[in-house]
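Here the structure of chain A is known, so what remains is to put chain B in place on it, guided by the hints.
Protein chains: 2
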Amino acid sequence: MGHIATTIDSFHRGRFVLVQPKTGAHRAGVDALLLSACVADGFDGHLADLGSGSGAASLAVLSRCEKARASLFEISETMVELARQTKAQSNNAHLADRVDIHLADITANGMKRAESGLSPNTFDWVIANPPFNEADDRRSPHSERAFAHVMDGKTIELWSRTAASVCKSDGHFSMILRPQSLGELLAGFMGRFGGMRITPVQPRLNEDATRILVTGKKGSKQKLQITPPLILHAGTGRDFTERADAIINGLQSLDPPS
Amino acid sequence: MGHIATTIDSFHRGRFVLVQPKTGAHRAGVDALLLSACVADGFDGHLADLGSGSGAASLAVLSRCEKARASLFEISETMVELARQTKAQSNNAHLADRVDIHLADITANGMKRAESGLSPNTFDWVIANPPFNEADDRRSPHSERAFAHVMDGKTIELWSRTAASVCKSDGHFSMILRPQSLGELLAGFMGRFGGMRITPVQPRLNEDATRILVTGKKGSKQKLQITPPLILHAGTGRDFTERADAIINGLQSLDPPS
Chain A
4 MGHIATTIDS FHRGRFVLVQ PKTGAHRAGV DALLLSACVA DGFDGHLADL
54 GSGSGAASLA VLSRCEKARA SLFEISETMV ELARQTKAQS NNAHLADRVD
104 IHLADITANG MKRAESGLSP NTFDWVIANP PFNEADDRRS PHSERAFAHV
154 MDGKTIELWS RTAASVCKSD GHFSMILRPQ SLGELLAGFM GRFGGMRITP
204 VQPRLNEDAT RILVTGKKGS KQKLQITPPL ILHAGTGRDF TERADAIING
254 LQSLDPPS
Chain B
4 MGHIATTIDS FHRGRFVLVQ PKTGAHRAGV DALLLSACVA DGFDGHLADL
54 GSGSGAASLA VLSRCEKARA SLFEISETMV ELARQTKAQS NNAHLADRVD
104 IHLADITANG MKRAESGLSP NTFDWVIANP PFNEADDRRS PHSERAFAHV
154 MDGKTIELWS RTAASVCKSD GHFSMILRPQ SLGELLAGFM GRFGGMRITP
204 VQPRLNEDAT RILVTGKKGS KQKLQITPPL ILHAGTGRDF TERADAIING
254 LQSLDPPS
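From first to last, the protein sequence lines stand for chains A and B.
As numbered in this note's numbering, residues 4 to 261 make up the first sequence, in order.
As numbered in this note's numbering, residues 4 to 261 make up the second sequence, in order.
One chain only, chain A, in its complex shape (with noise of 0.2 Å):
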């Protein structure tokens, strides 16, 4: 682990810190805060963090989530590894105690998955954000391998059958995607997960959404509901929404109790 090169960052304005490599497609950005705000204020159960990396996701729902405890699940060695140190930094003193990293193949036969920690019906809300999230985005938008590779189905199948396993009898799922992946997810949800509302995030008012965001209920007969998008720019800078930025820093989640 000396050959890699890391840097500390900050989020939700200082409440955490996270090691991460200094490049590369592992390092946490926007998509693992938009996905940690589908968890619901005042969560206080046992969450599992599905492809975790170094913990942003977990991370930001334990900061807005006093009583919750998270448990990460990640295959790749060196990010558990920088998982590990992100715990102990002294910065995160006040999640450490609610967090346990676990060596995982999300994809790998349920017995395997439950020598790594991933045991069935234990967790009150299961959150991923997919791994090809990041390696498609730097191909050909308009590939038709890169389509093919996301319309194989595998990948948010075998995700979600996870997911499925590992949730407890009432409990939730989230995932953040791509728009494209949508058939992907609805056949991964179908069967195992209701009640769904997907949330398309729109990188200003008038552009298509680049992500949309999914929560389900294990079992729910519930209808599928489309929400207002979440829009992350306003008008043509940098700068988030009020919205946005209230989500990305912790403030609140993605749908607030009205």
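These aren't lab readings, by the way, just hints derived from the structure by calculation.
Please note that a few of the clues may not be correct.
Just so you know, same-sequence chains aren't split out, so a pair can sit in one copy or run between any two.
[To be verified] Calculated lysine to aspartate or glutamate pairs in the DMTMM-like style (CA-CA distance at most 25 Å, straight line):
no. : residue 1 : residue 2
1   : 226       : 108
2   : 221       : 211
3   : 220       : 210
4   : 115       : 84
5   : 224       : 12
6   : 70        : 173
7   : 224       : 160
8   : 224       : 211
9   : 226       : 160
10  : 115       : 258
11  : 224       : 210
Computed from a prediction, not measured in an experiment: that's the story for all the values here.
Okay, now just chain B, sitting in the frame of chain A:
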């Protein structure tokens, strides 16, 4: 036909009229006008209108696109008769020679469909407003029965199959549906239509979508997109937003040329 009470209603600020049942689910409303707006401005090809009712969506396309022609396909003999009366109205004389009307079962097999005018590879744009849109809205929004009815996948699957059959190789297909039919929709389009553009329709700025408009292109490998929503009403009143008013009155398509 003498025994059904009808009204003659004006659309597009008087630019065409419809002969419709005085009451009931077959009366055309905002849905038909929104569906018509999926067809691009300047469209000059041959439109197929699946489940045309008395012709609202088709006439709205012909009223906006002066070189287009339309074939209406409808299973109800009553509605076919009203469509014929609609075509015969003197107020529609400028549209009548671009309209033909067919009694047809959209879900019939290929040979029967062709006999009713639904011939393979014939149409440049297909539009559809499947009948359960109205039927289900009168049920409890949360009933499991309604959910099962919507999610059995048969209607949208069969209508999409017919749409793909009658559409020319570079033709388009547009539908209006409720958000909870999104799973069926994507399953029905898969392998038939790509480059889908999904536009959520919200009653108001901060309310969940109540309809989705979707357009796909036959055989396209382009990625699915979710556009900014169409907001119907401004503030809390009954007034339409400027954009919705222009769309509903045939002054512009859903996506005007930029």
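Right, here's what the structure says about each hint:
1. Neither within a single protomer nor between protomers do residue 226 and residue 108 lie at most 25 Å apart by alpha-carbon distance, with minima of 32 Å and 29 Å respectively.
2. In this assembly of identical chains, the alpha carbons of residue 221 and residue 211 lie at most 25 Å apart only when taken from different copies (21 Å versus 29 Å within one copy).
3. When the C-alpha separation of residue 220 and residue 210 is checked against a cutoff of 25 Å, the pair qualifies only between copies, where the shortest distance is 21 Å, while the shortest distance within a copy is 29 Å.
4. Taking the shortest Cα distances, residue 115 and residue 84 sit within 25 Å of each other inside one copy (21 Å), while across copies they are farther apart (65 Å).
5. Taking identical chains as interchangeable, the C-alpha atoms of residue 224 and residue 12 are never at most 25 Å apart, the minima being 41 Å within one chain and 39 Å between chains.
6. Only within a single protomer do residue 70 and residue 173 lie at most 25 Å apart by alpha-carbon distance; the minimum there is 19 Å, versus 55 Å between protomers.
7. In this assembly of identical chains, residue 224 and residue 160 lie within 25 Å of each other by CA distance both inside one copy and across copies; the values are 20 Å within and 21 Å between.
8. Proximity of residue 224 to residue 211 under the C-alpha cut-off of 25 Å is restricted to the inter-copy arrangement: shortest distance 18 Å between copies versus 29 Å within a copy.
9. In this assembly of identical chains, residue 226 and residue 160 lie within 25 Å of each other by CA distance both inside one copy and across copies; the values are 21 Å within and 19 Å between.
10. For a Cα distance limit of 25 Å, the shortest separation of residue 115 from residue 258 qualifies neither inside one copy, at 35 Å, nor across copies, at 50 Å.
11. For a Cα distance limit of 25 Å, the shortest separation of residue 224 from residue 210 across copies, 21 Å, qualifies, whereas the shortest one inside one copy, 32 Å, does not.
Checked against the numbered hints given earlier, the structure breaks hints 1, 5 and 10 and satisfies all the rest.
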